[in-house]
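Those protein sequence lines, which keep their order, are chains A and B.
Position 69, counted from 1, in the first sequence is what our numbering calls 69; the numbers after and before it change by one each time, with no gaps.
Position 6, counted from 1, in the second sequence is what our numbering calls 6; the numbers after and before it change by one each time, with no gaps.
Heads up, none of these hints are tricks.
What the simulated footprint calls covered on chain A by chain B, stretch by stretch (three residues with Cβ under 8 Å from a Cβ of chain B suffice, anywhere in the stretch; the number is not a length):
(1) 32-42
(2) 46-59
Chain B is faced by these chain A residues, among others (derived, beta-carbon under 8 Å):
(3) Phe-90
(4) Gly-99
(5) Tyr-100
(6) Phe-102
(7) Gly-103
(8) Ser-104
(9) Gly-105
Everything labelled a hint here was simulated from the structure, so no lab data went into it.
Glycine residues also receive a C-beta, built at the ideal position from the N, C-alpha and C atoms.
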Amino acid sequence: DAGITQSPRHKVTETGTPVTLRCHQTENHRYMYWYRQDPGHGLRLIHYSYGVKDTDKGEVSDGYSVSRSKTEDFLLTLESATSSQTSVYFCAISALLGGYTFGSGTRLTVV
Amino acid sequence: SQELEQSPQSLIVQEGKNLTINCTSSKTLYGLYWYKQKYGEGLIFLMMLQKGGEEKSHEKITAKLDEKKQQSSLHITASQPSHAGIYLCGAGRVKDSNYQLIWGAGTKLIIKP
Chain A
1 DAGITQSPRH KVTETGTPVT LRCHQTENHR YMYWYRQDPG HGLRLIHYSY GVKDTDKGEV
61 SDGYSVSRSK TEDFLLTLES ATSSQTSVYF CAISALLGGY TFGSGTRLTV V
Chain B
1 SQELEQSPQS LIVQEGKNLT INCTSSKTLY GLYWYKQKYG EGLIFLMMLQ KGGEEKSHEK
61 ITAKLDEKKQ QSSLHITASQ PSHAGIYLCG AGRVKDSNYQ LIWGAGTKLI IKP
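Construct the entire structure; sequences and hints are all you get.
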C-alpha cells in the first residue's frame, strides 16, 4: 500500500476545459498539499489543507481551486485549463510536524 | 529569490567520484529534509536533520547540518549511476499557524559512466 495515490497519472486536455486531479491517502494525516513542478522553478505550492474543509492558498493559486470533504481525499480543480498549467502536479501529505510523503505525480498537458 | 538556495543547480560527475550539494538559508533551519527525485517520478525521502552539527548517513550518502543550522550539505561517496536524479532540500516553517515545508530549487545530478 503506497499510502498516497494520485489519479490520473497522465492527462491531456483542451484549453478551457475544467480538470480535476485527485489525491487519496490512507495515512490519516492532517496536512495535504498540492504542488506543481516546472523546469527552473522547482516545487511551487498551489494550495494546501490542514483539515477537512480547511484549505489555504499557496504561492501559485490563481486558476486553481481545491476541496477536502474527507480526511483521505484532496481534490485539485483547474477551473478552465490554460497552456500555462501544463505541468507535473504532485500531492504530498504530512503529519503535524515532519517531512512529506509524495505521490507519484500527475503529468498534465493542456493543448 | 528562494528562501532556500541550493548549489550547484546541476552537476555532472564521473562515476566513482565524490560530490557535494549544498542547501543554504538566511534563517535558522528547523528541520531540514533531503529528498531525491528520479526523472519522471515522485520524490523519495532521504534524510532529516534537526540538531546543529547533526550528521546522518545512508549507504553512500551523508547529510550534515551546520552548527548554526543555516546550511546543510549532502555528500555522495563513490557515485554510481543509481545516484542520478534531482536532489531537493526542504525546511520546515510555520506560516499563519500552519506547518509547511519550503523548498530549494533542486540540484540535477548526472553520473557519467
